[in-house]
Amino acid sequence: MVKEIERKLPVVHMCTIVPISQTVGANRIVPTIAIPHPFGDPSKTPEEEKALRRSLVERGLKALQTEITEQTVFTE
Amino acid sequence: MKLELHRLKVNSLKFGEKTGFADGVLTVNKAEILALISEDPLLGKNLDVDIAMPGESVRVMPVKDVIEPRWKLSGKGQVFPGMISDVETVGEGQTLVLSGCAVLTAGKLVRFQEGIIDMSGPGADYTPYSKTCNVVLVLEPSDPNMDKHDYEKACRIAGLKTAAYLAKSCADVKADTVETFELPTMREAMTQFPELPKVGYIYMLQTQGLLHDTYLYGVDVKKILPTIISPLEVMDGAIVSGNCVSACDKNSTYSHLNNPVIADMLKRHGKDFNFVATIVTNENVTLADKKRSSSYAAKLAGMLGLDGVVITEEGFGNPDADLIMNCRKCEQLGIKTALLTDEYAGQDGASQSLADSCPEGTACVTAGNANEVITLPPMSKVIGYPEEANVIAGGWQGSLADDGSITVELQAITGATSELGYTKLGAYTL
Amino acid sequence: MLKLITNNAGLHVSVSSSEYVDGSSLDVLIRVRGLVHSGSIILTHPLCGNLRPNQQPFRSVIVDAESRAVDLDSLSIIESAVNVYQSSKLVFPKDFDDKTRADYAYIDSELMRESLGRYGLIRDERLCNAPSLKVKEV
Amino acid sequence: MAFRIVHYINQFYAGIGGEEKADYEPEIREAVVGPGMALKAAFKGEAEIVATVICGDSHFASNMDDDTAKILGMIREYKPDAFIAGPAFNAGRYGTACGAMCAAVAKEFGIPVISGMYPENPGVEMFRKYAWIIETPDSAAGMRKAVPAMAKLALKLLKGETLGKPSEEGYIERGIRKNMFYGKLAAQRCVDMFVSKLKGETFETEYPMPVFDRVDPQPAVKDMKHAVIALVTSGGICPKGNPDHIEASSASKFGEYDITGVNDLTSETHCTAHGGYDATYADQDADRVLPVDVLRDLEREGVIGKLHNKFYTTVGNGTSVANAKRFGAEIVNRLVNDGVTAVILTST
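For the record, the sequence lines run as chains A, B, C and D.
Sequential numbering from 22 applies to the first sequence in my numbering.
Sequential numbering from 647 applies to the second sequence in my numbering.
Sequential numbering from 968 applies to the third sequence in my numbering.
Sequential numbering from 45 applies to the fourth sequence in my numbering.
The hints are simulated quantities; they were obtained by calculation from the structure and are not laboratory data.
Treat the numbers as computed from the prediction; the structure is a model and nothing was measured.
Keep in mind that a hint or two might mislead.
Here are the simulated DSSO-like cross-link-like pairs (lysine-lysine), alpha carbons at most 30 Å apart as the crow flies [to be verified]:
hint : chain 1 : residue 1 : chain 2 : residue 2
1    : B       : K648      : B       : K814
2    : D       : K369      : C       : K1056
3    : D       : K369      : B       : K1070
4    : A       : K71       : D       : K284
5    : A       : K24       : D       : K173
The following block holds chain A by itself, in its conformation from the complex:
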């Protein structure tokens, strides 16, 4: 699915299992927290959780603003 989107629009794939994302052909990849809660962590307070989520989304936006020529994993 990610490839079909990438044919027409820039897309960042935000997911927990990076190797799968690499296999399905995503180009901009941002690793997330865990499979059942990629953008959250139930062990944290709601405020901490949202701050964590925000930092991940900001990383995703940064990836979208970065020129790349090949598959790139954005870890920071």
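Guided by the hints, dock chains B, C and D onto chain A, whose structure is given.
Showing chains B, C and D alone in chain A's frame:
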């Protein structure tokens, strides 16, 4: 290492006074076999020996193992080392083979495991053992509550003993043909045919527990690290099957003795490649073992500087993970692989065939979809226990019809999708 | 913490650390998948043994249940196993007569026995070795 | 006696009209219509078309479930031995309708179903598992080639003859594995293939393992402050109650949901339809899978221009590659039409 296989071609079987071979006929003294197998206190009183010939309207079920009669005429050790003879290394000297003959062990162990062999009709096309002249042992335990491991072992040993006994009884007859195999030491092998690629064979053996085990020189293979073996040792019975679950793709002892991959690789050795090593490895249940064994097998192939390996799997499901690990780890070392497996694509053929896959597995041969359904017509005679059709692996309640016909998946047929490639079956995509 | 996830009641009672799943083999695999997603490692292959999904009503898997980064090997193995089961007709323990069901339970226990021993999870060696391991009906 | 065939065509091939008549309601005629004439000729009396179903492409596309049920009802009384739809060539909606009807007829009546399409017709990816689809050229100019091939395949199936490989029979690979006896032992075939691989020669594997192709990355977003960012997820997030009944696995559809004015996803408003992971955490707070709350904050702060007012959801779990591709292609077309700049795709 040099081994001569002295072959007597068995065209017919009959019961008679003295066990021996003449003019293509193997005469079998039933009383002697019964005496031989009833030596074992674990086996019961109602043992039987029967004959099943190609083309007869005969069905044998449930079959555990198929064994080709062999006996060493000379050389160190004796056939089936560590099982019915000493643990001495085999593979040298002369070995008598009763070609075209097999011992089948049949008997109930658990209520769903073993296979079917039809000697005629559509089912016969699927099993290689419908073409052999079969001496069938019908076995039972002396105590119905006996530990199943003990009884399984007793059945296994009874088959091996009978196979050795039959060949030994023909040791005085001059062979029809003699096939000679001479394999060099590793040092010579490495320098032979410098213009040809050096290749090997990764021989995967299923090793998971009762009815899922394989033995190497009597050692339970789940306990080994991958190791190197000579094809000639395999021909003398160094590898013995304890394995009959989903009978279609379990390697019988017969198919080990006659491993068709080894046979073909030896035939093409010196022409298409330089066949330098056979690596046996296991298929254990724990992931740690799977990782360790696949890494170790690939490492051996790498240390030997192999350019390519053929890999054969045994079984379905979790062994697919072992197959894929072996494939990927070899390919990552730059060792080209060809894989031999079978498929579980569902009765309609629409499901995913393997439980695991990798893009490196570019060369893959399959021995067919084990789920395809077949109806086996009634036979005039059934050796064994036909009512087991309803509970056999690949059958279901109602598999056995009133007229004696059986509707089952191919997996119930012994050797139907042999992953040593001992049948011509395969699959294609519609 | 090491533990067994199983729908085989007879095996469950003989293992010192075990979680019983009241359901099908697929339910066992789905429970294991949930654990893997939250960081557990699979120690035994979920498709061990060689009975096809439409034949073996029992499944048992040993996991190292802990919360850490997802183990990729465990993940790919459990996802594939669940796929295999979801694309197959399932059988349930109740589909079989008592004797056959006991045999299936027995083989399932046999396949796990060595691994359970290795990971020190067998509570009573005799129970796993018993010639006729009785399946507790649930 | 000749085999009984029911033929399905659209309004165009029935001579009713083009796009302006595409909402033509399904009807059945006891007659041979349009391309049916060519089919009839190709059957040479071995099979006859007992009825022809005609349905407008748009009508079918917008009333898929109802029209399918209605057409099945129409067909029933004609007791067909086989069902032929099309050929649809490269017409997307027509191909989809042909494929959907073939699948429904096969399921309902258990008879052979045959269509004809250009390989890139979306109907192929969606329905090739359920129907025999003869590969055709991309336009009706290929009618003369397509129809005899469809008729031939239909007769073969009706007579219960064994079918050869797709390349031999001219149909598009269905992805169904079938056993056959080869001329050589599997062991010899394997060693043959091994030698070819060693020598670098071409060979054909007997079981192709999945492979993945690549797409070049799009250029970066230059002006994030004015960008419209859309959220897409394969994590199955949907309004509570899953109004579109998206399947928990092997999804056959995707969802499009409006989030105008939604600043936060909560356990009251959203949940997951995904059956491939423990849903507890997503059901408690769907922002954990689809971070709407944070993107609204960023929108308010002017970091991004706008969060697109619709999000798209699918279920990654067990969904076929073909369906996933189709979803991706349809979703991105809608996003482009809506003026979206870039996409955040979240997966579990």
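Hint by hint, here is what the structure shows:
no. : hint             : result
1   : B:K648 - B:K814  : holds (21 Å)
2   : D:K369 - C:K1056 : holds (27 Å)
3   : D:K369 - B:K1070 : violated (37 Å)
4   : A:K71 - D:K284   : holds (21 Å)
5   : A:K24 - D:K173   : holds (23 Å)
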